[in-house]
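We have chain V already, so just place chain E on it with the hints.
There are 2 protein chains.
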Amino acid sequence: MLKPSPVTPDEVKRHNLARVMRYLHENGELSRSDLVLLTGLNRSTIGALVSDLAKVGLVEEVSGVGGSRGRPSLVVRTSSSHNFVLAFDLGVDRIVAAAVGLGGEVLATIHRSREDGPYPVKKAIATILESTDELFASLPTGAVWLGVGIAIPGVVETELGFIRKAPNLGWIDVPFGQLMTDSLCAHIGVCPTVVLGNDANLGAVAEFVRGAATATSSVVYLSGDVGVGGGVVLGGKVLAGGSGFAGELGHMVVNPTGEPCNCGSRGCWETEVGRDAIFSAVGFLPGQGSFSDLVAESLTELTDIKRALSGVGEWVGVGLVNLMNSIDPNYIVLGGHLAEIYPYISEVVDARIDQSRPNTQTRAHISLPSLLLNSPLAGAAEAAFGPLLSDPLHEMDRAFVLI
Amino acid sequence: MLKPSPVTPDEVKRHNLARVMRYLHENGELSRSDLVLLTGLNRSTIGALVSDLAKVGLVEEVSGVGGSRGRPSLVVRTSSSHNFVLAFDLGVDRIVAAAVGLGGEVLATIHRSREDGPYPVKKAIATILESTDELFASLPTGAVWLGVGIAIPGVVETELGFIRKAPNLGWIDVPFGQLMTDSLCAHIGVCPTVVLGNDANLGAVAEFVRGAATATSSVVYLSGDVGVGGGVVLGGKVLAGGSGFAGELGHMVVNPTGEPCNCGSRGCWETEVGRDAIFSAVGFLPGQGSFSDLVAESLTELTDIKRALSGVGEWVGVGLVNLMNSIDPNYIVLGGHLAEIYPYISEVVDARIDQSRPNTQTRAHISLPSLLLNSPLAGAAEAAFGPLLSDPLHEMDRAFVLI
Chain V
1 MLKPSPVTPD EVKRHNLARV MRYLHENGEL SRSDLVLLTG LNRSTIGALV SDLAKVGLVE
61 EVSGVGGSRG RPSLVVRTSS SHNFVLAFDL GVDRIVAAAV GLGGEVLATI HRSREDGPYP
121 VKKAIATILE STDELFASLP TGAVWLGVGI AIPGVVETEL GFIRKAPNLG WIDVPFGQLM
181 TDSLCAHIGV CPTVVLGNDA NLGAVAEFVR GAATATSSVV YLSGDVGVGG GVVLGGKVLA
241 GGSGFAGELG HMVVNPTGEP CNCGSRGCWE TEVGRDAIFS AVGFLPGQGS FSDLVAESLT
301 ELTDIKRALS GVGEWVGVGL VNLMNSIDPN YIVLGGHLAE IYPYISEVVD ARIDQSRPNT
361 QTRAHISLPS LLLNSPLAGA AEAAFGPLLS DPLHEMDRAF VLI
Chain E
404 MLKPSPVTPD EVKRHNLARV MRYLHENGEL SRSDLVLLTG LNRSTIGALV SDLAKVGLVE
464 EVSGVGGSRG RPSLVVRTSS SHNFVLAFDL GVDRIVAAAV GLGGEVLATI HRSREDGPYP
524 VKKAIATILE STDELFASLP TGAVWLGVGI AIPGVVETEL GFIRKAPNLG WIDVPFGQLM
584 TDSLCAHIGV CPTVVLGNDA NLGAVAEFVR GAATATSSVV YLSGDVGVGG GVVLGGKVLA
644 GGSGFAGELG HMVVNPTGEP CNCGSRGCWE TEVGRDAIFS AVGFLPGQGS FSDLVAESLT
704 ELTDIKRALS GVGEWVGVGL VNLMNSIDPN YIVLGGHLAE IYPYISEVVD ARIDQSRPNT
764 QTRAHISLPS LLLNSPLAGA AEAAFGPLLS DPLHEMDRAF VLI
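Protein chains in written order, with our numbering: chain V, 1 to 403; chain E, 404 to 806.
Next comes chain V alone, as it looks inside the complex (with noise of 0.2 Å):
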C-alpha cells in the first residue's frame, strides 16, 4: 500500500514554483497567461510564483512581441546565460561536452575524440576535469552553476548514479556518479549534483522535450554507436523495464541464423546493422573516421554506396517492423551512424516495412535527430537540470557561483 504524505501549504508551493519553472524552461519564454492557461492557477499566484523565480536569478520580464492591440506584452523567460549545467556524453570514439543554460540554449562545446575500445575510468574522469575547466573559462563571473549530466553507452541505475556495464567502454559496476563528484569536490573544491543516464534513453528525452517528436507521446531513439541502444520514451517518461533492459533493442533477435554478437548470443539487430556491419558492407576500416566523411574521402557513387548498403537496410527495416508492432511509436528517431547512412537506406527501409506491413497504412514517423547538440548530450543537459526543475529554489540555494 502506498501512503501518500500529506500536503502542506509549503509542498503546494514548490510543486507550482517546479511546474512553472519546467514550462518555462521547456519553452523559452511564455507570457503570464500562457501560465494561466497551463498551469490553471490563478493570475496573482503566477504573479507571486514568478516573482519568486525571478528574485533568485532564474527568470526575468522582458518586453515580448505580440500582446493585444499591438501594445508589448511583457514575457517571463529563463534567464538561460547565467544558469547553465555542464553535459558530458562518453561515446566510444569521442567524448564530447557542453555548457547549457536553462531554457536549453548551447553555450559553449568541446569534442574530443580518443581510441576505439575500453577507457579507463580514471582517464574519463580526467578529461571530464579538464574540459571542466575549459567550459568554466568560457562562461562569465557570476554564471549559476547547477549540476552535471552524464550520458553514458550501458546500463546505468540513474537513482544510485551506478553503471552496471558499459561494454563498449570495458565498465562493469562503476559508482561513477559518486567518483564523479568525489573527483569534482577534489578538483575545484565544489560537489555538484552529478546525473547519470543511458545515452538512448537521454537521446529519446532530448528528442521528446525539444527536439523532433515534442508534438508527440511515445518516441524511439536509436542510439547508433558501434552498437545499437534504444530508449523509449512514452507519455514523456523514459521506459525503463522491470529490470533496467528495456530498450537493449541492438539486441532484439532479427536474424537467427545470424553471425555471433559479443553479447554470447547471435544474430541480433546491431550484428546487421552496427558501425562494424555498415563499415564492411561499403568496405572501408572501422576505427578510420566517420561515415560521412569517409564516404567524402573515398568519392564512391552515392548508387554505389546505396547498392552496398541495401542489405543493411533490409535489417534496419526488420528491426523497425519490430518496434512498430510491439511498442508502436508516434517517432522513431535513428541518431549516430543511423542517422549517416539514412539517406542512403531510406527506400529500401521503406520497402522493407511495406513488405512486413502490408495492410497497415499507419507508421511511426521515421525522423532524423533535430538538435543542435547530439540528442544525448542535450538528454544529458536535461537530466543535469533535473533536480532544479523539482524543486527550484533549494537547487539554487545549493548551487554554485563562477568567480
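Since the hints were made in silico from the structure, they are not lab data. A hint or two may mislead.
DSSO-like mimics (lysine-lysine), calculated; alpha carbons at most 27 Å apart, straight line [unchecked claim]:
no., chain 1, residue 1, chain 2, residue 2
1, V, K237, E, K640
2, V, K165, V, K123
3, V, K237, V, K165
4, E, K458, E, K416
5, E, K416, V, K13
6, E, K640, E, K568
Computed far set for chain V versus chain E, every beta-carbon distance over 10 Å [to be verified]:
no., residue
7, S51
8, I125
9, L179
10, E248
11, S298
12, L299
13, I327
14, P329
15, A339
16, I403
We treat Cβ as the ideally placed atom computed from N, Cα and C, and that holds for glycine.
Then chain E, alone, in the frame of chain V:
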C-alpha cells in the same frame, strides 16, 4: 497547450468517491483505516464517502476478523452480488459470457463453441443477446446491471466502440459498440454502455488488476488463439501505441526466411508459434478441439510431445527475448494455446532465452494466467466496470435493476 478544468468541491468529491470505489473493487474489502492510509484522506471524509457509496448500495460495512485487541473490526466491502456487469470474449472458436459482480466475483458463465472462420456480425449479436437472457435468468431480482464489456480479437478503437479489423472474425470497420447498444435496447428495452477492447489488452489489464501480475509495474499478456496477440500494461495503463498497433506482437518478424503469414508478411512470430504451427508440429488437425483435449485423447508420450514441440519452443523463446530486450516487462503471461503448451516447452524456452541473453541474469517472470475466468473475459468485466469506477454515483443513477 492543455488547460486543466477548474476543480470544484463537487469534482473533488466525485474524484474521491471514485478512488475509494476503485480500491474496494480491486481489493474486495478494506477497513476504514486502510482507506485512510491508501487515499491520504482523513477519517471523517472517508466515513462520508463510504456512507454515500453504501446509500446507493455499492458497498456495505460488515464485521471483519482481526482488529486491535481481538475485537472484531468493521470492514467495508463491495456489494458484489447485487451489482454486476456482463462480459463477453469473442474467441475464434468459442464465445464465453459471464456475469461478474463488483469486486470481481464471478456470478455465472456460459461457454459456446463455434466453427472456426468468419463470423457474421449479426450472428455474434444474436449469440450475445441469447447469452444475456440466460445470464439474467440466473441472477436474482433486484440485481443492478452496470454495463457490458466485450473482448475482441482485433484492432479496436475503444473510445469509439469501433472495430478496425478482426481478421479471424472476418470483420473490418464495424461500429460494434453502437450496434450492440442498439440491439440490447431493442431486445430488452434498456440501453447499457458497451465497452469494447482488444482481447490481449484486456487480458493484460486483468492479470495486472487481479491476476498473476498484481505486485508489479509492467506486464505483457500473450493471447494465443489462432494467432498470437499481445497486450502491454505499463504502470497500470494499456500501451495503445501511436497508431493503435502496439502489442501486435504476433507480427514481429522473428524468422525473415520463414513461411508466409496471413498478414502478407513472412516469418512472423505467429507463423512460428500460432495454433496451426503447434498442431502441425504434433500432428493434430486444427479445429478438432483444444490442444489439451487432443493430447489427452492421443495418448502420446510426454517426451514425444516435448520433442515434437521443441522447435515451436525455440521460436517462443526468440520472441520472448525480443520482448525482454525491448519492453523488459516484469511479467509475461502466456495465455490461450501458449499456456496449454508451456508445460511441454518451458525447458526449451528457458534454454533459448539463456542462449540469447548469456550475460543477463535478470529476466521477466514468465507465468501462466492465474484467473478463474479466462483473462480477456476478466478484462472485459474490468472494462465494463470502468464508467462506474470513474463516477460511482452518476453511474448508479443510470443503472438498470433486474425485475
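Of the numbered hints stated previously, which ones are contradicted by the structure, given in increasing order?
-> 10, 13 and 14
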